[in-house]
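**Q** The residues making up each chain are set out below.
2 protein chains.
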Amino acid sequence: MKKAIVLLSGGLDSATTLYLAKKQGYKCFCLSFDYGQRHRRELESAKKIASTANCPYQILKINLPWKGSALLDSNIVIPKHSNIRTPEHSNKIPSTYVPGRNIIFLSFALSFAEGIGAEVIFIGAHTHDYSNYPDCRPEFYRAFSRVITTGTKSGVEQRKIKIETPLIKKTKAQIIEMGRTLDVPFQFTWSCYQGVNRPCGKCDSCYYRAKGFKEAGIKDPLPKGRL
Amino acid sequence: MKKAIVLLSGGLDSATTLYLAKKQGYKCFCLSFDYGQRHRRELESAKKIASTANCPYQILKINLPWKGSALLDSNIVIPKHSNIRTPEHSNKIPSTYVPGRNIIFLSFALSFAEGIGAEVIFIGAHTHDYSNYPDCRPEFYRAFSRVITTGTKSGVEQRKIKIETPLIKKTKAQIIEMGRTLDVPFQFTWSCYQGVNRPCGKCDSCYYRAKGFKEAGIKDPLPKGRL
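One line per chain: the protein sequences are H and F, in this order.
Those letters in the first sequence? Residues 1 to 227, per our numbering, in order.
Those letters in the second sequence? Residues 1 to 227, per our numbering, in order.
Derived by calculation from the structure, the hints in this document are not laboratory data.
Don't take each hint at face value.
If chains are identical, the list can't say which one is meant, so a pair holds when it fits in one copy or spans any two.
[Stated by the list, open to error] Capping the alpha-carbon separation at 27 Å, the derived lysine-lysine pairs in BS3-like fashion look like this:
1. Lys47 <-> Lys61
2. Lys92 <-> Lys162
3. Lys23 <-> Lys48
4. Lys153 <-> Lys61
5. Lys47 <-> Lys67
6. Lys80 <-> Lys153
Keep in mind it's a predicted model, so treat the numbers as computed, not measured.
Kindly produce the complete structure, drawing on both the sequences and the hints.
**A** Next up, the structure:
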């Protein structure tokens, strides 16, 4: 059985990606990171999702002491989503950007894949209904693929490890529809950037989740936030 | 004063790179990794070198539970260097290769650089007198530079963080000569892959160190190994 590493944050996208990878016949090894994020609560979600999907799961603890992000630094306020983005702000990267996050995650996933002989790394990144994070764009994944070809034993030996981004061009609504078809346990997923008991309903992540469920015509099983 | 991140392993190459970066006028932030390497002893060396150079220093602990390397797994014997490499072995990557190591190190260095506004990451990789590690080659660093351009806020905002590999084409002897000119404290550096009190004198790393000092006509201040 072919092996895959699946980066699992505990959100809708990565959960859907996991179920998709399973459907494609991969034995999936799920990987999450405890990187000091405010919303560490997402790790409980990731664990539950992996367990529901009957997949091995591990959390790696990493330390980013330089912070530089609202997700890591409680002194920075998590911005509220403004759904009327002016053109000048439409490409702005918000303060919730974590320097190098997906690059670090992929690097560990790559090491894991080489270590256990997995052929593929799945990541649920996409460029619709997202927060302009540069490390969610196709050009970044193409560049990282070149890193694999040139900088690893697998690459040199022509057993290249592939990065799969099956959601890259999907809207949040399409991801949710796909997730429903795959029986993704939406009730266990977590999206909110605030690390509290109920989704705040105000951050970018809550905004896009609510928009996606609304457009898909599906009811979100998580309670509506009121912080 | 311009800031730089310097990846400091505690060996000759990274120590020389640090002194070179300092000479170029950078305020250098040194970064080492405790990644479960057998030769954790190199971290004491790194700390001493950073302190001698009067530079801030931090060690990040990372966990690579999948191992996949003789440097991480005490069940795998560290290979002795064979100085008559047959053509069929000349491009072979040895068991001391650590999956994704420099990719992970660079990813953290990149996050650090974005977090504190550093312009450059220095790494002492080179392709002469080395062990065929793929993540020491110029094509890998070019590929990683493209990751920075496409996958980071700095890249998108045209404040690209540069990777500097000043030793990439130098032989070990040239690095040692350069290090002497820069007053690098060779006596604090550590190269041996075995984590014991004296260099083993037999591993690839000891072999290239000895060869370099011999060719440079300089005496290595470290004791000769006899394991």
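**Q** When no copy is named, should lysine 92 and lysine 162 be tagged within, between, both, or neither for a Cα gap of at most 27 Å?
**A** Cα proximity of lysine 92 and lysine 162: across copies only (22 Å, versus 30 Å in one copy).
**Q** When no copy is specified for lysine 23 and lysine 48, does a C-alpha distance of 27 Å or less occur within a copy, between copies, both, or neither?
**A** within (19 Å within a copy, 52 Å between copies)
**Q** At 27 Å max between alpha carbons, let me know whether lysine 47 reaches lysine 67 within a copy, between copies, both or neither.
**A** both (25 Å within a copy, 22 Å between copies)
**Q** As a check of your reading, is lysine 80 near lysine 153 (CA-CA no more than 27 Å) within one copy, between copies, both or neither?
**A** Classified as between: cross-chain Cα gap 20 Å, same-chain 44 Å, threshold 27 Å.
**Q** How would you label the pair lysine 47, lysine 61 (within, between, both, or neither) given a Cα cut-off of 27 Å?
**A** The answer is both: 14 Å in one copy and 23 Å across copies each meet 27 Å.
**Q** For lysine 153 vs lysine 61, is the C-alpha pair at or below 27 Å within one copy, between two copies, both, or neither?
**A** both (25 Å within a copy, 24 Å between copies)
When held up to the earlier numbered hints, the structure conflicts with none and fits them all.
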